[in-house]
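Visitor: Chains A and B, in that order, give the protein sequences.
Position 46, counted from 1, in the first sequence is what the working numbering calls 50; the numbers after and before it change by one each time, with no gaps.
Position 18, counted from 1, in the second sequence is what the working numbering calls 68; the numbers after and before it change by one each time, with no gaps.
Worth flagging that the hints you see were computed from the coordinates, not collected in a lab.
No experiment lies behind these values; they were computed from the predicted model shown.
Please note: incorrect hints may appear among the correct ones.
With the C-beta cut set under 10 Å, the calculated list includes, among others, these residues of chain A facing chain B [claimed, not checked]:
#1 Val34
#2 Gly38
#3 Ala64
#4 His82
#5 Ser119
#6 Val136
#7 Asp142
Think of the CB as a built atom: it goes at the ideal place given N, C-alpha and C, for glycine as much as any other residue.
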Amino acid sequence: MRVRVQAEAFDQGAEVSAFTTGATGAGAVVTFTGIVRPDGGLTGMEIEHYPGMTEKAITAILEQAVQRWSLVDGLVIHRHGRLAPGEPIMMVATAAPHRADAFAAAEFLMDYLKSRAPFWKKESRDGGETWVAAKDADEDALKRW
Amino acid sequence: MIDVLYFAWVRERIGLPRERVETGATTVAGLVEELRAREERYAAAFADTSALRVALDQELADFDAPLAGVREVAFFPPMTGG
Numbered sequence: 005m006r007v008r009v010q011a012e013a014f015d016q017g018a019e020v021s022a023f024t025t026g027a028t029g030a031g032a033v034v035t036f037t038g039i040v041r042p043d044g045g046l047t048g049m050e051i052e053h054y055p056g057m058t059e060k061a062i063t064a065i066l067e068q069a070v071q072r073w074s075l076v077d078g079l080v081i082h083r084h085g086r087l088a089p090g091e092p093i094m095m096v097a098t099a100a101p102h103r104a105d106a107f108a109a110a111e112f113l114m115d116y117l118k119s120r121a122p123f124w125k126k127e128s129r130d131g132g133e134t135w136v137a138a139k140d141a142d143e144d145a146l147k148r149w
Numbered sequence: 051m052i053d054v055l056y057f058a059w060v061r062e063r064i065g066l067p068r069e070r071v072e073t074g075a076t077t078v079a080g081l082v083e084e085l086r087a088r089e090e091r092y093a094a095a096f097a098d099t100s101a102l103r104v105a106l107d108q109e110l111a112d113f114d115a116p117l118a119g120v121r122e123v124a125f126f127p128p129m130t131g132g
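Just chain B, same shape as in the assembly (with noise of 0.2 Å):
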């Protein structure tokens, strides 16, 4: 089980802040594959990676990353603090 947050329009589109994830994915790219199949708002989410940012226990990521030994997954656009 992993923890998979979302922020931003990614949490309104999908319509929830966090979730724990039965995944048989082996990285980040194949999470999304999972995730996408399940349902519209999920495709609707991910459609385009390349507008996503993802972090894994809280670091930033890329979508090749492995998932071993990961518990928290965040999926978020790009930030713009400041």
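One chain only, chain A, in its complex shape (with noise of 0.2 Å):
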């Protein structure tokens, strides 16, 4: 198990084939990378975290995927600071024996990740910086767990 918190960029394909090489027993992998969309104007975004509890935050999640599924591995990886429309911000892998434990415990991850991860956005356009809100949806989102 694996979490980075990085402000550099992180090459997914390198990503992926090391963490599928390093899953061994593995019967499936799946991946979800995160992108900075860019709509409505949009020229930047600015990521602040709280370093120290942002790790702990996200090796917790982690630990809890691990414990309800059965998986060989897990990795997040996601960036704070600047970033630009179109840049990956994030990514989840999971390797598991079977697909369905894979697919489940990453779609878990993100939604922990998007509510209780202490990440906060905060967009830039022509007119000015906004922080982006949480939606209920996110918050709603945990109940199926």
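Using the hints, build the complex out of the two chains.
Guide: Dropping the structure here:
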């Protein structure tokens, strides 16, 4: 299990390849990559986080996923700092003997990262900067688990 | 003394990322009351605590949680990760 919180960009292809190679015994690898959506005249995004708590919170979420599903391995990479539209923000990867567990665990990780990992997004547009408000739907999404 | 951290718009509204606070409060809610009474910028940041989340020593907590033994309190808006 690995958690990385970093300002630098990451190479999705290399990450998936390394993760898959290391996931001994897996029959399925599921990956998700979140990208800065280039909509509504967005010129950039700033992601603030809580150093220390961020790593702990994501590790706790990953540990929950491991307890619930039969996972061989799990990976979460999440960036902070300044990002441009189209840039990858984060990725999760899950490896399991069978795909159902890998898919479910990846969705669980995404739902929890949205509203339980201490990140805050600020969007820049020509008119200025605005903090992204949390959506009720993101909080509701946790109820299915 | 307790370290109090602010993130996102809470940090912007108060105008600093962290500070050391001498407090007699026994709960998070008590600390919020003390901070609110300080200055307008604190009152503005803590006007509606339903719009805020709190972490005690880097674990999410409730506003009625006790402060005994806590070293670090953080206030921030609902998180928007992923």
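Visitor: Against this structure, judge whether each hint is valid.
Guide: Each hint tested on the structure:
no., hint, result
1, Val34, "violated (16 Å)"
2, Gly38, "holds (6 Å)"
3, Ala64, "holds (9 Å)"
4, His82, "holds (7 Å)"
5, Ser119, "holds (6 Å)"
6, Val136, "holds (5 Å)"
7, Asp142, "holds (8 Å)"
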